Structure formats: C-alpha cells, structure tokens
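Trainee: Need the complex rebuilt from these two chains, each delivered in its own frame; the hints are there to steer you.
First to last, the protein sequences are chains L and B. Reminder that position 89 of the first sequence reads as 89 in my numbering, one-by-one numbering, no gaps. Reminder that position 74 of the second sequence reads as 74 in my numbering, one-by-one numbering, no gaps.
Misleading hints may appear alongside valid ones.
Heads up, incomplete: computed chain B residues facing chain L, CB under 10 Å, no partners named [to be verified]:
(1) GLN23
(2) THR33
(3) ARG44
Label pairs and their computed distance ranges (CB to CB) [claimed, not checked]:
(4) TYR69/B with GLY21/L: 18 to 26 Å
(5) GLU41/B with ALA99/L: 48 to 56 Å
(6) ARG62/B with ALA99/L: 56 to 64 Å
(7) ASP71/B with PHE98/L: 29 to 37 Å
(8) PRO64/L with ARG10/B: 29 to 37 Å
In short, the hints are calculated from the structure, not lab data. Treat the numbers as computed from the prediction; the structure is a model and nothing was measured. Built from N, CA and C at the ideal position, the CB exists for glycine as well.
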Amino acid sequence: MPFEERRTWAYLATALIVPAGYLLVLVTGLGGLSASPAEGGFQVPLLVAVGTGIVANMFFVRPPRKGRDRRDERDAEIGRRGERVGFIVLGAAMIVPFALVMAEAAYFWTAHAMYLAYVASAVVSSAVKLVLYRRGL
Amino acid sequence: MGKPTKVTNRIRDLRFANGRMTQAELADRIEVTRQTVIAIEQGRYSPSLETAFQIARVFGVRIDDVFAYPDSASPDAASADGA
Numbered sequence: 001m002p003f004e005e006r007r008t009w010a011y012l013a014t015a016l017i018v019p020a021g022y023l024l025v026l027v028t029g030l031g032g033l034s035a036s037p038a039e040g041g042f043q044v045p046l047l048v049a050v051g052t053g054i055v056a057n058m059f060f061v062r063p064p065r066k067g068r069d070r071r072d073e074r075d076a077e078i079g080r081r082g083e084r085v086g087f088i089v090l091g092a093a094m095i096v097p098f099a100l101v102m103a104e105a106a107y108f109w110t111a112h113a114m115y116l117a118y119v120a121s122a123v124v125s126s127a128v129k130l131v132l133y134r135r136g137l
Numbered sequence: 001m002g003k004p005t006k007v008t009n010r011i012r013d014l015r016f017a018n019g020r021m022t023q024a025e026l027a028d029r030i031e032v033t034r035q036t037v038i039a040i041e042q043g044r045y046s047p048s049l050e051t052a053f054q055i056a057r058v059f060g061v062r063i064d065d066v067f068a069y070p071d072s073a074s075p076d077a078a079s080a081d082g083a
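Bound conformation, chain B alone (with noise of 0.2 Å):
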C-alpha cells in the first residue's frame, strides 16, 4: 500500500509543452477527476491502458513518449543485459 509506482510520465512536460494545459483540463479530456491526474503526474497511480492512450492522444504524441517503465526496475531486465 503506498508503493509508488515504476511506471514514470511526462505528463507534467507535456501539459506545460501545450499551452500550459491545467491538470483540470487534462482530466476533463479524459474524463477523470483532477486528483487522478496528479496521481498519476506523482507516480502514486497507474492508469489503465485506455486511460494511457487517451493521455497520449490529448498531447497527440505516442504512449511511449508519455509513459516509461525503466529497464533497471525488474530483476528479469537487469539479470537479461547482465548475460
């Protein structure tokens, strides 16, 4: 409980890279509330995957411009490039 999340976002970036867009505007694009949107903006929230895509296609960039999941965060990565 409490965990952040592994998954990291440019929503902060892009918001701002797009007219200064509020977090308020950006969870009425994608219908859901402005404390889910800095959820996920603070890594304490993972959207779904539809919620991904509608966050992507609001700044009208691709998923994984928006979204990262580092390689050093699974075990199963790093034991990968260690071989």
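If we strip away everything but chain L, and leave its shape as in the complex, we get (with noise of 0.2 Å):
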C-alpha cells in the first residue's frame, strides 16, 4: 500500500475515533462534561478533541522511508479530487452553523455543528479517495 494511502486510512482513522471519543465523553458525562447546553463548560474538551486530531494526525503514520515512500502525480490528482468533494461537504453543511448563529442558538450547538462540519468533510474526503486508490480514476 503507498504511503500517501496509508496515510488516508489514518486520516480517516482518526477523523471517526477521535468525535467518538468526545461523543462518548459527552455522552457520559465523564470529567464533569455534560451534554446539556445550559450546563456548558464543553469548550475544553471540544478543543482538546480538535488538537488530538491535528496532533494524531501528524503522528499516527510513520514518516515516509527514504526512497521508498514516494508522492507521485496519482496521488496528487486522488488528494486533489478528494479534496475537492471534502471542500463541497464542509461548505454545505456549514449551513447550519450559520443558521444557528443567525437563530441565535445556544454556543454549543453552533459548536458542536462546526466541528461535525469538520468531522463530516474530513470523513468524506478521506472515504473518496480510498475508493480513487481503489477503483482507479
């Protein structure tokens, strides 16, 4: 498997285990969080959930072998194509954080969209280009 694939699944890997485990937190209740908007005090955890992924995604796949691991122009067009339907899905439902914020919704729910907004375009982009590494493009 190519190292830029690889890196895909991880990607993807991370983009569904890591809301899960805040959704599973929240849920829960664990560490004093709560799923009640009027409680509050979710802003910690939820940036927390936010660095894991950056941080989890800068270090769950090993850094490319030196002559071995190589980007080449496939990769480039499937991260491009990839891209550009996870760019799609994160302006689309944007939508309704923006419809939250003009309704004047409680921050954690306009939060909370934002980040599902994310998590959704992370998700999908990560899933098209598994299936372009897979059935060609």
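Mentor: Listed below in structure tokens is the structure:
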C-alpha cells in the first residue's frame, strides 16, 4: 500500500475515532462534561478533541521511508479530487452553524455543528480518496 | 468514478520483452509508486504525458508503441469515419 494511501486510512481513522471518543465523553459525562447546553463547560474538551485530531494526524503514520515511500502524480490527483469533494461537503455542512448563529442558538450547538462539519468533510474526503485508490480514476 | 480509461497500453508485454522487468523496477525508473504502475497497466489510471514519455523512454520505444487510443472510442472519430 503506498504511503499516501496509508496516510489516508490513518486520517479517516482519526476523523472517526477522535469525535467518537469526544461524543462518548460528552454523553457519559466523564470529566464533569455535560451534553446539556445549559450546563456549558464543553469548550476545553472540544478544543482537546480538535487538538488530539491534529496531533494524531501528524504522528499516527510513521514518516515516509527515504527512497521507498514516494508521492507521485496519481497520489496528487487523488488528493486533489478528494479535497475538492471534502471542500464541497464542508461548504454545505457549514450552512447549519451559520443558521444556528442567525437563530441565536446556544454556543454549544453552534460549536458542535461546526465541529461536525469539519468531521464530515474529513471523513468524506478520505473515503473518496480511498475509493479512488481502489477503483481508479 | 472508477470508469476505466480508454487508453490502452502494452506495458506488461514490454516489461516481459525487456528482461522480465518487474513493476517495482519500472516504478523506480520513472519515480512513481508500484501501485501507480499497476493502475496504469490495468487501465485504471491514465498517466500524465510526461510519465507516458518516461515509460516509453525506459523501453526505448516511441510513445505510441506503448499507448494507444482506439478510434472507435471517440464518437467524433466514428462519425468522421462514416462521412
């Protein structure tokens, strides 16, 4: 499996596992966190989740091996197409937090709608890339 | 998505004709991944013009000895033939 495909799998795994972990913390109330928007206190755990996702993406996959792992034109094209679809998903999903802000909804819901939009974008772009790796383009 | 390219190629034949060159060796020569060579051979990916020239150069042949684009694949070509 080429390096970029491995990295895409890792990115997809991170995009699924980290939000799932955050949701678990939110629902079970671990660390004093509550799923109730009235009780607040979600900011730090949400920031931790975002930070964990970024750091995990940086270190989840071992660095490319010199002379063995290379990124070629096919990787670049697959990356471009995946990112384009992900960007469309992000743009569409961002309508929700925008609407929530317009409706003056609680920060809790707005923040989570934004987080969900980023997660959806990451999951879809990774999935598209993996399909392209398997089926061709 | 997943639509095979209309470009056909003789890379597999040329590899065997050139001392049974492996896909990995060809990939190293043209600086792409082995999976990209596999995808090109199987018609799942059309390489850039530059890569196509590099492949032809590795085998010491012209580019149209490696790649072909059938006339029947193009509706324009088909109608032009019928005219």
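Trainee: Return the numbers of the hints above that this structure violates; sort them in rising order.
Mentor: 1, 4 and 7
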